[in-house]
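Enquirer: Work the whole structure out from these sequences, hints included.
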Amino acid sequence: MSYERDIAERMAKGEIMEDRLEISLLKYLWDSSPLSFKKNDGYHEFFKQITVLNSFSDNEVRIFTKFLHRREFQSNEVIFKEGDSGYGFYFIFKGAVDLYINRSSENDLGEFILKLEKQQYFGEMGLLEEFNRRTATAIAAENTVLLGIFKPDLEMMLEQYPVMGAKFLRETALIMANRMGQLTKEIIVLRKKIIELEKKL
Amino acid sequence: MNRNQRIKLYLFLSILIISTLFLVLFPRLTLPLGFAYIIYLMSKPMTIRLTTGSKKQRMSYFFIILIGTFFIFFPIIVTVYNIDTNFESFISDLNRTQLIIHDKVMSLQTKIFRKYGFQLNIDPVRIIMSKIEAHGLSLIDQFPNYLSLLFEWMLLVPVFLYFFFMESPKLSRKFLETIPNSIFEKSYVLFSQFNTKFGEYIIAKFIEATLLGAIVTIGLLIIGFPYPFILGFVAGVTNILPYVGPIIGLIPGLFIALLSKDPNASFIGILIVFTIANLVDMILVFPLLVSKIVNLHPLLVIVSVIIASQLSGIIGMIVIIPFIAFFKLLFKEIYKDLSVNL
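One line per chain: the protein sequences are C and B, in this order. Under the working numbering, the first sequence is numbered contiguously, ending at residue 201. Under the working numbering, the second sequence is numbered contiguously, ending at residue 1342.
For the record, the hints were derived by calculation from the structure and aren't laboratory data. You may find that some hints are simply not true.
Partial pick of chain C residues on the chain B-facing surface, computed with a CB cut under 10 Å [to be verified]: (1) Y43; (2) T65; (3) K66; (4) E72; (5) F80; (6) D84; (7) Y87; (8) G126; (9) E130; (10) F131; (11) G148; (12) M156.
For each residue, glycine too, the CB sits at the ideal point set by N, CA and C.
Expert: Structure below.
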């Protein structure tokens, strides 16, 4: 049943109607709808597929995308270098990113350690730490589009949408906790290997 | 850096230079724009709380601007409307002051003649009055211009303010998109920090000025000094200028104490009131409110204020402090980066 027909039937029954139509509410609901074609940049569908943000409602994802910065990088363009001050957290919207460590000089990239693909993310420490230094060099492996969120955006989000800001912080903390867990496992394995090697020697 | 990145960097630098030139070359537009921006930064924390989640954001901004405009321009309009009465009272006060100063100078000259036996042939009253007359005449000549400027500001400031509230997030995004990738993170964070510091500084100075003005007014009311509200207002406004402000604010009160025949207009009384007010400001208000925002060395502040006053007058004196705080932040960041990369 359409909205108009519903109104017509209610009027025919002699029901008392509300004074006016809440256009602003309808507009709000329309904008909140993931099916809305208004400014369909694909961000909504993208973030719904990212596991980190799966506790976000449709409307929260819509608001979250307003705080993001779209940055386009050409193939081999430096995103940031090891040792640079870090302020932001990036999601790979299109393309891929290579990570390098142990850079010895300004022009040296260092050793390749990891390739990050679409829907993966990096740089979360930059968002949380007060004085962050990038621990790796990030280079666009191909023409890449990143969606970045930076410290001022997080502060603004916490001020304007505290519940959503807290949710996002919790998710970021979870990412870091997972990475810490992985690191701890790796350290345990490495320690075992060192002990075995020491025994052999 | 490849060719495309270089082009992006040059384009961004050109936008910056053109915008700066535009602002410098058209002060008639820059000043109301700057004034609207200051009000925008001051009211931003409050408006965010009032309008976040509101379905009628446009309407909320409109009412905030309407109320703000009323409170800023209403006292000015009342003053302008009563300008003839004010001018008449100013002229009569001027004549009376002229006579009082003349009497004081004459009695001083007689005293010097009696004590040391020589006649002073200076006439400070005539020199001062001729200067006041010249300034007064130029003020009257310029009055229509000032009036048209006032109406221009009354129209432009609310429009700019509405524009800042409604469009600045979108426009700042567009501007940020032009920043080359290599300097984006740092520029964005510094730009945001400057905005936050500038806004916080203006709010802190506004609260400080209001508190100081209130203390002076209450103090003068207690001792029964004439014109307590006007002198309190002047003390508050001049206090915005760091270090030199309190001294400038005291001058009108001292003049009244010297020239007025009112027995309550005590020289010592006003000195005590201003000393107490400034002590409260220095010991309590400034450390709690302002110094946390701009942690600068006093000598640097004094030198910057003097240079800014020479370059761009009172406005320069007010805005120079957050700018210096920003440059300190910028140099710190550059130094940090250099020390890591070396």
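Enquirer: Confirm or reject each hint.
Expert: Now for the hints, and whether the structure bears them out:
no.	hint	in the structure
1	Y43	violated, 14 Å
2	T65	violated, 12 Å
3	K66	holds, 8 Å
4	E72	holds, 8 Å
5	F80	holds, 7 Å
6	D84	holds, 7 Å
7	Y87	holds, 5 Å
8	G126	holds, 8 Å
9	E130	violated, 12 Å
10	F131	holds, 8 Å
11	G148	holds, 8 Å
12	M156	holds, 9 Å
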